[in-house]
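Chain order of the listed sequences is F and S. For the first sequence, counting from 1, position 20 maps to 20 in the working numbering; every step adds exactly one. For the second sequence, counting from 1, position 47 maps to 47 in the working numbering; every step adds exactly one.
Treat the hints loosely; a few may be bogus.
Lysine to aspartate or glutamate pairs mimicking EDC-like chemistry, simulated, CA-CA at most 20 Å apart [claimed, not checked]: (1) F:Lys-89 with S:Glu-8; (2) S:Lys-176 with S:Asp-12; (3) S:Lys-176 with S:Glu-16; (4) F:Lys-231 with F:Glu-216; (5) S:Lys-185 with S:Asp-173; (6) F:Lys-89 with S:Asp-258; (7) S:Lys-38 with S:Asp-173; (8) S:Lys-190 with S:Glu-202; (9) S:Lys-160 with F:Glu-79; (10) F:Lys-89 with S:Asp-5; (11) F:Lys-282 with S:Asp-251; (12) S:Lys-160 with F:Asp-74; (13) F:Lys-89 with S:Asp-127; (14) S:Lys-160 with F:Glu-23; (15) F:Lys-282 with S:Asp-242; (16) F:Lys-231 with F:Glu-208; (17) F:Lys-213 with S:Asp-251; (18) S:Lys-190 with S:Glu-209; (19) F:Lys-89 with S:Glu-261.
Label pairs and their in silico Cβ distance ranges [to be verified]: (20) S:Gly-84 with F:Leu-202: 53 to 59 Å; (21) F:Val-87 with S:Asp-154: 20 to 26 Å; (22) S:Glu-261 with F:Arg-225: 30 to 36 Å; (23) F:His-159 with S:Trp-90: 40 to 46 Å; (24) F:Leu-117 with S:Pro-44: 49 to 55 Å; (25) F:His-159 with S:Gly-52: 39 to 45 Å; (26) S:Ala-214 with F:Glu-293: 23 to 29 Å; (27) S:Pro-156 with F:Val-103: 25 to 31 Å; (28) F:Val-103 with S:Leu-149: 34 to 40 Å; (29) S:Pro-44 with F:Gly-232: 45 to 51 Å; (30) S:Gln-14 with F:Arg-290: 34 to 40 Å; (31) S:Arg-257 with F:Gln-205: 24 to 30 Å; (32) S:Asp-242 with F:Gln-205: 31 to 37 Å; (33) S:Ala-150 with F:Val-87: 25 to 31 Å.
Output of the computed footprint for chain F on chain S, the stretches with three or more beta carbons under 8 Å from beta carbons of chain F [said to hold, decoys possible]: (34) 251–258; (35) 276–283.
I should point out that these hints are in silico values taken from the structure, not numbers from a laboratory. We treat Cβ as the ideally placed atom computed from N, Cα and C, and that holds for glycine.
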Amino acid sequence: MSENGFRSYYGRPVIKEPTWTWEIPTYFFTGGLAGASSVLSTTARLTGNERLARTSLYIGAVADIVSPALLISDLGRPERFHHMLRVVKVRSPMNVGSWVLLVSGASSTAAAALELLGRLKRVELLAEAAATLTGPPLATYTGVLIADTAVPVWHEGRHELAWIFAASAAASAGAAACLFVPAREAGPARRLAVAGVLAEGLLMQTMELRLGKLGEVYRQGAAGRLSWAAKGLATAGATLLARRGGRSRAALAAGGALVCAGELCLRWAVFKAGSQSAHDPKYVVEPQRRRVEQRLGRSQTGT
Amino acid sequence: MTVADGWETYADEQQERVGFFTDTSVCIGCKACEVACKEWNAIPEDGLAFTGHSYDNTVQLDANSWRHVAFVEQEQPLRANGDGSTGLRWLMESDVCKHCTHAACLDVCPTGALFRTEFGTVVVQQDVCNGCGYCVPACPFGVLDKRHLAPAPDLPAFAKEDGRVWKCTLCYDRLKGGHEPACAKACPTKSIQFGPLDELRERADARLEKLTAAGADGAQLYGRDPEDGVGGFGAFFLLLDDPEVYGLPPDPVVTTRDLPEMWTNMLAAAAAMLVGVAAAFVGGRS
Numbered sequence: 001m002s003e004n005g006f007r008s009y010y011g012r013p014v015i016k017e018p019t020w021t022w023e024i025p026t027y028f029f030t031g032g033l034a035g036a037s038s039v040l041s042t043t044a045r046l047t048g049n050e051r052l053a054r055t056s057l058y059i060g061a062v063a064d065i066v067s068p069a070l071l072i073s074d075l076g077r078p079e080r081f082h083h084m085l086r087v088v089k090v091r092s093p094m095n096v097g098s099w100v101l102l103v104s105g106a107s108s109t110a111a112a113a114l115e116l117l118g119r120l121k122r123v124e125l126l127a128e129a130a131a132t133l134t135g136p137p138l139a140t141y142t143g144v145l146i147a148d149t150a151v152p153v154w155h156e157g158r159h160e161l162a163w164i165f166a167a168s169a170a171a172s173a174g175a176a177a178c179l180f181v182p183a184r185e186a187g188p189a190r191r192l193a194v195a196g197v198l199a200e201g202l203l204m205q206t207m208e209l210r211l212g213k214l215g216e217v218y219r220q221g222a223a224g225r226l227s228w229a230a231k232g233l234a235t236a237g238a239t240l241l242a243r244r245g246g247r248s249r250a251a252l253a254a255g256g257a258l259v260c261a262g263e264l265c266l267r268w269a270v271f272k273a274g275s276q277s278a279h280d281p282k283y284v285v286e287p288q289r290r291r292v293e294q295r296l297g298r299s300q301t302g303t
Numbered sequence: 001m002t003v004a005d006g007w008e009t010y011a012d013e014q015q016e017r018v019g020f021f022t023d024t025s026v027c028i029g030c031k032a033c034e035v036a037c038k039e040w041n042a043i044p045e046d047g048l049a050f051t052g053h054s055y056d057n058t059v060q061l062d063a064n065s066w067r068h069v070a071f072v073e074q075e076q077p078l079r080a081n082g083d084g085s086t087g088l089r090w091l092m093e094s095d096v097c098k099h100c101t102h103a104a105c106l107d108v109c110p111t112g113a114l115f116r117t118e119f120g121t122v123v124v125q126q127d128v129c130n131g132c133g134y135c136v137p138a139c140p141f142g143v144l145d146k147r148h149l150a151p152a153p154d155l156p157a158f159a160k161e162d163g164r165v166w167k168c169t170l171c172y173d174r175l176k177g178g179h180e181p182a183c184a185k186a187c188p189t190k191s192i193q194f195g196p197l198d199e200l201r202e203r204a205d206a207r208l209e210k211l212t213a214a215g216a217d218g219a220q221l222y223g224r225d226p227e228d229g230v231g232g233f234g235a236f237f238l239l240l241d242d243p244e245v246y247g248l249p250p251d252p253v254v255t256t257r258d259l260p261e262m263w264t265n266m267l268a269a270a271a272a273m274l275v276g277v278a279a280a281f282v283g284g285r286s
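Construct the entire structure; sequences and hints are all you get.
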């Protein structure tokens, strides 16, 4: 049963692929969008850009309402969703994330509702502050969540994943705001989208290099196609935003839509790469076998 | 005695840590363990298949198979002949949940449904599990899985499928009653041995020594070492070839070992995001 230099049991997977369905990679996008939009909104408010502040506040709130719905829908026993909150457990990124989403989601939707009603200004500010503080963790904990598994391409990407998700979240928050804000107020959103796309491209490249042979998963099958789509869409969108987004409302909106689509594809690419690397025993066995051989070699020279 | 994460919290109620030593050198592939496990734990039938992979039609450990006998067929040189001729070697191994000392499934479970029992074993509480599935890719052995079969009577009427995660409980109910687990009880060759972990380790060492002296080159203990990546298994094995030949990972590591570093990394990324957003406001409104 020696095939390509590693041995396996009838070529069967060693670990299980995630059982998560379409809701989870989609949530990676909406959760990131929600978290980064809260930060964008508050920063815009502090600089007196009310139009951008309000838009991002509403975008964040909508994403914060969609997110738990997606997560609950993915559960095997959806009616037990509140079991996530029966403990506080730092060793479980999903538990930590549930608490973060609860605080962030509640405060951002409360702030948006009060904004809409135009009442209780002080409470709204307080809620916005809470959403701003929990926004960055909300946008990045999902990187830790998937890295904290036995899935080779995720666990070995643990140094970069949270950063990639941070950049992707920032890009999607900026891009989503570009869809609704006129060009003369959209400068910060536009720059955030472009910078996010650039940062994420560099970080993805770094991760693929660091992954070595394992990085090939991002060039194969569904993960490969989604990776290319992500790069193409995000780059086209960012180029459009940088070149023409400052003048043309249409270019601004089109660029924003392209970047958002690219970021959604990116989350899906990471998700699919995980499944693919879990499915093929070579990605599990080969690095582990190498570690064993190295240890044996070292102990032999030691004696 | 290796302390299993969480086991020490039982104080007076703490029992001796128990487990399995599965000696594959005497396994005859009868699958009595699989049957006894299904019977005792009332595990539903999950379809019949013919794989063509030797005698293995169970395929893997999953929500509905908590013991799985692997069958490996190998062409091996016949040493006695010494003329380079070969013969078929048939390896059999009854696989099971490893009840790791440092268990990733237990660590990542967001509801606390997975817990460490007073016997040092790892069990899913079915009335707590909400089927989030996080433990499934966290396990370095691919033991846990979601059950997609018809819902049990204790679930609400609208449930279309069970949706919860199931795995070996090391017969927690039988242990409570002072009995050995069903698979060990049913094993006709004592390939599956149940007992206090310390005792099993001694027994395994003696068995390995005997086999090695008899010339079994590939014989090795798998999961016996408390210093390995998961702190040693509560259910460990004597194998006659490398672990990957049986579909087992050669050097499993508990993923949460790196979690503190991952959290620090995330906080840095989150802070960078705040700075990045602020920086986007330099340069004006349009």
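Contradicted hints - numbers only: none
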